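**Q** Chain by chain, the residues run as shown.
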Amino acid sequence: MKLVSAIIKPFKLEEVREALTELGFQGMTVTEVKGYGRQKGHTEIYRGAEYAVNFLPKLKIEIVAPSADVDRAIDAIVRTAATGQIGDGKIFVSAIEHVVRIRTGEMDDNAL
Amino acid sequence: MKFVHFGRLITAMACAAIVALASGPAWAAVPDKGDTAFMFLSTIAVLLMTVPGLALFYGGLVRSKNMLSVLMQVFMIVCMVCIIYVTYGYSLVFTNGGGLNDFIGGFSKAFLAGIGPESVVGTFSNGVVIPEYVYICFQMMFACITPALIVGGIAERMKFSAVILFIALWVTFVYFPVAHMVWYWQGPDAVADAARAVAEATYDTKAQAEAALAAVMSDAGLLFQWGALDFAGGTVVHINAGIAGLVGALVVGARTGYGKEPMPPHSLTMTMIGAALLWFGWFGFNCGSNLEASGGAVLALVNTFLAPAAAALSWVFAEWFTKGKPSLLGLVSGVVSGLVAVTPAAGFIGPMGSIVLGLAAGIVCFVFSTAVKNKLGYDDSLDVFGIHAVGGILGAILTGVLVDPELGGTGLVDYVTKPGEAVAAAYSMSEQVAAQTWAVGLTILWTGLGSLILYKIVDLLIGLRPTVEKEREGLDLADHGERAYNY
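Listed in order, the protein sequences are those of chains G and V. For reference, each letter of the first sequence is one residue, going 14 to 125 in the numbering used here. For reference, each letter of the second sequence is one residue, going 142 to 628 in the numbering used here.
Don't read these hints as lab results, they were simulated from the structure. It should be emphasised that the depicted structure is a prediction, and the values quoted were computed from it without experimental measurement. Among the clues, some could well be false.
Stated by the list, open to error - To spell it out: a stretch of chain V is covered by chain G in this simulated footprint if at least three of its residues, at any positions, have a beta carbon under 8 Å from a beta carbon of chain G; those stretches are:
1. 401-415
2. 465-473
3. 503-512
All C-beta atoms in this analysis are idealised placements derived from N, C-alpha and C, irrespective of residue type, glycine included.
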């Protein structure tokens, strides 16, 4: 099992969710996050006081999938979240040791 | 001194001022119900302008951890000054102060002594009166909003207790004297009665009657005697508070982290709501300063629409050209600077004059609130100096220019030549601008020095600032034990 964490542009969430749902992925956790990469921040001006805003608002989506399905998930995210502009985000994939469904106690693949 | 400018004294007509004729003229005028209703509504409009208008305008501009402290300071000032005003404030502003009458009134109406529902005061027209109670409340609202403006200079870093003590002292030693100097006079009926007595005097009584007229003319505040025009409080309200805010920003010092940490406004939405309520309430402020529902009030109405509209345009376009983007904060700041600038001028200048005044105010206040503040490095958190003092000074001086009948203004009024009638008086632009400038100068000096001394006294007694830890935590929790937003 793998955890796929993707940082995406906030307005791309719905497209990404639809693509993953079509592929059969059931469930996702979304967190509002701030950060920066190559995109850097922007400048805000309030009556002449200029502030460099370094941390930009992004969304982090997390799904856990059987290892065999991970490449399809990554493809779907890359396809739907990309705008071609700087700041589209990144995907991190890591291994998951165990998954437990709290309601039933089912384990691992059965719990996904 | 008083008689040097005697010719000008007669022509002086200051603003929201009047005189309290408790005894009333011989023919006992009765208040018009329309005038009374007009003043009643104007008075509560000024309350709306302060709470929630000014409170939200300022509150949106601070960080969310200090939101309640700003709302609380503004609201508390209103409540406290109401009580102070009826205790001794009204009396100090609008009665004769004996030997100190040039600067301050006396205590003869302390606790509103001798005033009842039937008491009346004069307006700017001969033979027109309004109930004294509505006049007191109208003036009381001015005394409430003026110190509340100062909060903009010291926001986010002055202890609540220190703010309250400072404001109680400030209205007493700065606001009441300046209001007396600008607005206290005997009123048109007293002037007309005395002038009529001179006209009717025989050879034997002439000298006596002339002395009586001179006494009536000189029974007025110093700036009034100088012939300075201030329709609704450019000097008394805006320069007064704006300078006190700047002195506060300098004496209290910058917010911890100023210039190093971002301090963006936490809710420009609230600032916009506050600015819109300020504009709405300002009609009470400016039109009500005419004291009766007559031509002067509707002139103030049209000017109070046009000057802020013009100032918003000039601020927004100046910002667009120099900073690249037109901002909402720029627009509402422009509106407020136009309102400030038109305050002393509202009933004196023509509609086209108010557009010129507004355009100038938007540009000048924009430069002071952005470039000048950043260059000099003082932390006037909410630009009470850049908008209220600068806009007030510009408005006060340009009032002297734009009152010119040739430029569409109303000109000056003479209550003496034809007793009982207000006729046009001679106008000289240079003399009027000089009178305006002297009034501005004296106000800056009085409030600058007075505020400095009072901040120092409060600092010695209880200290001005919270600890750095408390300031970092935010004044909402440190001073009031509550927070504005619980998500």
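**Q** Confirm or reject each hint.
**A** We went through each hint and held it up to the structure:
1. Counting residues of the region 401-415 of chain V whose beta carbon lies closer than 8 Å to any beta carbon of chain G gives 4, which reaches the threshold of three, so the coverage claim holds.
2. With 4 residues bearing a CB less than 8 Å from a CB of chain G, the region 465-473 of chain V meets the requirement of three and the coverage assertion stands.
3. A stretch counts as covered by a chain when three or more of its residues have a beta carbon under 8 Å from one of that chain; for the region 503-512 of chain V and chain G the count is 3, and the coverage holds.
Checked against the numbered hints above, the structure breaks none of them.
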